[in-house]
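Participant: Protein chains in written order, with numbering that gives the first Met the number 0: chain A, 0 to 297; chain B, 0 to 319.
Derived from the structure by calculation, the hints contain no laboratory data. All C-beta atoms in this analysis are idealised placements derived from N, C-alpha and C, irrespective of residue type, glycine included. Be aware that one or more of the hints could be misleading.
To be verified - Simulated coverage check for chain A against chain B, where a stretch passes if three residues somewhere in it have a Cβ under 8 Å from a Cβ of chain B:
| hint | region |
| --- | --- |
| 1 | 121-130 |
| 2 | 202-210 |
As the list claims (entries may be wrong) - Taking lysine-lysine pairs in the DSS-like style, the calculated list, with each CA pair at most 27 Å apart, reads:
| hint | chain 1 | residue 1 | chain 2 | residue 2 |
| --- | --- | --- | --- | --- |
| 3 | A | 51 | A | 80 |
| 4 | A | 113 | B | 317 |
| 5 | B | 190 | B | 253 |
| 6 | A | 113 | B | 79 |
| 7 | A | 80 | A | 237 |
| 8 | B | 317 | B | 304 |
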Amino acid sequence: MNAQTPSSEKLARFNVSPARRRRDRIARGTILAATVLALIPLLLIVYYLLSKGLSSWSPSFFTTDPTGNTFFKSSSIGGIKSAIFGTIEMVALASVIAVPIGVGVAVWLVEYGKNSWFAQLVRFFIDVLTGVPSIVFGLFIYIVLIVGTGSSFAGYKGALALSLLMLPVVTRSAEVILLLVPGALRESALALGAPRWRVIFSIVLPTALPGMVTGVLLAVARAAGETAPLLFTAAAAKATSFNLGGFMNSLPVQIYSDVTSPTTAVVNRAWGAALTLVVMILLLNLIARLIARRSRLA
Amino acid sequence: MSTDGTSLRTAEMEPDDRVEPGEREGGPVDPSVTDPATTDATIIGSPMRKSSKPQTTAPTAPTAAAPAKQGLSVRLEALKAFYGASEQVKGVDLEFRANEVTAIIGPSGCGKSTMVRCINRMHEEIPGARAEGRVLLDDFDVYDPSVDVVAVRRAIGMVFQKPNPFPTMSVFDNVASGLRLSSRGRGELHKKVETALRGAGLWDEVSGRLSEPGAGLSGGQQQRLCIARSLAVDPEVILMDEPCSALDPIATLKIEELIAELKSRVTIVIVTHNMQQAARVADRTAFMLSGQLVEVGPTEDIFTKPSDSRTEEYVTGKFG
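Just chain B, with the same shape it has in the complex (with noise of 0.2 Å):
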C-alpha cells in the first residue's frame, strides 16, 4: 500500500505534516483528548488547513518510512441539527475514535442519519436545514466559517444506503469522478482507480469491464463501487449511512468484510438498523433516542451490559 496514490499524497503535504502518523505508529492514538500534548501536535498538521494551500512542495518520493494513511478522530460537540424549526438533533456529544468502526444504532427518526450529514456538511444541503454546534475533525472545526465546505466533504467521504452510482459513467469514471470533480485528475489516474478498487475488493471482479456502465453491475457490487469511488479521493473518515439495508445477506457480508479492512486506514461511521451488523463490524456502538445520545461504549458492552436501561430494552428488542 505504500506505493499507492495514497502515500503520494502524503507525501505531497508539508514536512510537519509527517510527525504527525510517525507519532501514531504504535496503533491509534487515543483521541480523548484529554493528552494536551496530543491536542497541539494535531493541530499543526490538521488536514484542512493543508488543503487550503497550494502544494508547493514538489512531491519527492515517497520514502519507505513513509507509512500508510491513517484516519482522523471526529469530536461531536453539543451537535444540534434542525430541519426549519424541529430539532432533530438534540446536542449531542460523542467521539469517533481514529481508525475505529462506531456503530450508531436506534430506532428510525431517532436522528441517527440527521447527525452523521451533519459531520460532512450534507445537512445543510437540505433548503431549511442547519446544525449548531461543534464537529471537530482531528481538533479542527468544520463548521468554522472560515473552511471550505468542499475540503471537508473530500476529507470525510460518504456512502448512502442506496447504492447510486453515477448513470451516466462507466465502471471505471465512476471511480475516477470523485477525482475529476474536485479536479485531481492530473495523472495516475488509472492507479489511483485500480488502488481504490482494490481496496473496495471490487478490482477482480471488475477489471474486465471497466468501461461498460457502472449501473450495470449488481446491487453489492454497485455499493462496493460507491465505497471505491469515495476511496478514491482518499479520505480520512468515510461515513456509511445503512450501506447493507439495500442489500442481500452475501452482498453485506462482503461489504462489513470490507470495512473491518478499511478500518486501518480511515475512520468509519456507520448507521445501522441491523443491531447484528452493530455487533459483528463495530469497535464502538453509539445507542441514540429521539434526537440524543442514550449511550456510547464498546460494542460488547453495549450489548452485554448497557448501563441505561432504555439501551437495554432497545438492544434485546422491546421497542424500536
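This is chain A alone, in the form it adopts within the complex (with noise of 0.2 Å):
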C-alpha cells in the first residue's frame, strides 16, 4: 500500500474478509454436522427401543419369570423378572468387589505411588485391561472358577467376571478426578497437622466423590449391558433366584438368548429387556447424581 490509498480503503483492512466468513462459515457447518451425525443413532436406538420395547411392556413382565414355553403364543412365554434380579445382584456383587479396590488402586496411585515405577506398571496393566475384550473376562473366570473347579455356572462367578470388567473402568475414572483435587488442598490439610490418611479420607476423598461417582456409574452401566462375561460364568435361567451361588438369569443374556429365537414374541421380549436395561441405567445415573449433589455443599 502507498500513501495514495484512499482512506475508505484503508479502513477495509477492518472488515473481516469474504474469504474469511466463508472458512468460519464451512467449519461451523462441518462441526454441527458432525454433532447431527453423531446424534442420528443415538436418536434413532432411542426411538427403536421405545417403539419396540414399549409394546410388550405390561404389568406381568415385570412380575413373571420367563417359562422357557417359547413356541406357544405369546401369552405364555413369561416376563424377564429374573432377568432384573439377576442383573441387579451380580451387578451389586461386582460393585461392592470393584469399586473398592479400584478407588484403593487410584488413591494409592495418586497419593503414594505417584510416578514411581511401580506406578507406571501399575498403569500400564489398567490401561490394558481397559482393552480387554469382555469376553476374556468371561473366559478366564470359566476356566479357573468352572473348568478348574470343576463346578458349575454361579451367580457369584458372572459378578467375578463383571467386577474384572469395571474394575480398570473405575481405577481409572477416579484417578483422573482424584488428580483434579487442587494440591493446595492437600497442602493445607498436611499444615493442619493431619496425617495423611486423615487428608485422603476427610478432605480428597469427599472433594472428589461427585466425579467418582460419575465413573463407577459408567462402570456400573458398562457392566450391566454386559453379556459376554456373563454367557459361561453365570449362564441362563428361568427362574428368580437369591441365591449368588447358583445359575442366575440377567438382562443381557436374556436379550441375547429372546433374540436368537424364532418367535416373534420372544424377539419382542428382548426390545422389552433391553428398554428395561437402558431406564434401569437412567434411574440409577439420576439418582446417583442426586445423592452426589446433596452430598456437596456447594
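Dock chain to chain to rebuild the complex, using the hints, since each chain is given by itself in its own frame.
Facilitator: Put into C-alpha cells, the structure is as follows:
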C-alpha cells in the first residue's frame, strides 16, 4: 500500500474478509454436521427401543419369570423378572468388589505411587485391562472357577467376571478425578497437622466424590450391559434366584437368547428387556447424581 | 483470652511446662540464644516432646495465673533446600524471634517460599524435594529423625497465598477441620471454633452463617477463615506465604491488622512481595536473594539504612 491509498480503503482492512467469512461458515457447518451425525444413531436407538420395547411392557412382563415355552402363544412365554433381579444382584456384587478396590488403587496411584516405576507399571496394566474384550474376562473366570474347580455356573462367578471388567474403568476414572483435586487442599490439610490418611479420607475423597460417582456409574452401566462375561459364568436361567451360588439369569443374556429365537413374541420380549435395561441404568444415573449433589455443600 | 481453649490446653500440659511461659512474662525473651540459661530452660519444656507423650495429667481448672499462650522462636541453621538436584535455598542462618512478626522479602524465585515451607516440613511434600540443615523450634530440631512431622505441623501453622477453604465443608467445619483431622475435636469444639473465629476477626461477620459453605465467603473472609482454621489447632508459630497477594487493599488491611493482634500469642513469619506491607507489619525484615540471606534486621533499618548495597537497591526499587 502506498500513501495515496484512499482512506475508505484503509478502513476496509478492519472488515472481515469474504474469504474468512466463508471459511468460518464452512468450519461451523462441519462441526454442526458432525454433531447431528453423532446424534442420529443415538436417536434411532432410543426410537426403536421405545417403539418396539414399550409394546411388550405390561405388569406381568416385570412380575413373571420366563417360562421357556417359546413355541406357544405369546401370552405363555413369561416376563423378565428373573433377569432383572439377576442383573441387579450380580452388578451389585460386582460393584461391591470392584469399587473399593478400584478406588483404593486410584488413591494409591495418586497419593503414594505418583510417578514411581511401580505406579507406572500399574497404570500400564490398567490400560491394558481396559482394552481387554469382555469375553476374555468371561473365559478367564470360566477356566479358573468352572473348568478349574470342576464346578458349575454361578451368579457370583458372573459377578466376579463383571468386577474384573469394572475394575480398570473405576480405577482410571477415579485416578483422573483424584488428580483434579487441587494440591493446595492437600497441602493446607497437611499443614494443619493432619495425618496423610486423614487428609485422604476427610478432604480428598469427599472433594472428589461427585466425579467419582460418575466414573463408578460408567463402570456399572458397562457391566450391566455385558453379555459375554456372563454367558459361561452365570449362564441363563428361568427362575428368579437370590442364591448367588446358583445359576442366575441376567438381562443381557436374556436378550441374547431371546433375539436368536424364531418366535416373534420372544424377540419382542428382547426389545422389552433392552428398554428395561436402559431405563434401569438411566434411573441409577439420576439417583446417583442426586445423591452426589446432596452430599456436596455447594 | 485466659478462659478459652488455648489456656486449657496449656493447663493440660505437664507442670514443668508452666514455668516456661512464666519466665517470659516480661515480654518475649530475646531468643538470640546467647544465654545458656534460656536454652536449658526451654529444652525441658519443648512442645514437641510433650505432644508425643500421652496427656495423663487431668486437666486441672486453669488457674487465673495461667498466662495466655505465647509464640516460640524459630532458628534456621545452615538450611539448604533442594528440588531434585537444584539447590533453591543455599545455607540460610536466620532467626525468627518469639512473638514478633518477621517479614521475608526478595525477588521472585529467590527461595523465600521454599525456605518458609521448610520450617513446618511442607517442603518435603513435593516429590523430589528435600532439605538439609537444622530448623530449631525453641531449640528443638524439627528435622530430628525421631520427630513426628504431624506434631511439627500442629505447632507451626501455615496460611497460603490463595485462600483455600475446604470446598466440601461449611464455615464451622472448616475451622473445626484442623481439630477433627488431628483427632482432637472432642469436646468444646464449638467454643474452640468461636475462639478461633474471634481470633481471626471473623466471628461478627460469619456467626450467623456457620453452616454455609466456606467457599461462599468473599476472598478476604476466606483468607481470614484460613487463618482461623490454623489458629484453631493452637500453633506456636504461623507461617504466611504471601497471604494478601490475592486480596484487595481493604481485605489486605484487615489481615494486616489481624497480624498485629496475633503476634501477642504466636510468632509470625510472613513472606511478602509487597515492601510496604513488610514495612507496615513486620518487626524485623529479612532480605533474600538467589537462595541466600542477604540481610536481616529491624524493619526500619532494612528500609532506611540497609547495610548491604543489594538490599538498598532492592528496597529502593532498582531491581526486583
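Participant: Broken hints, numbered, in rising order?
Facilitator: 1 and 4
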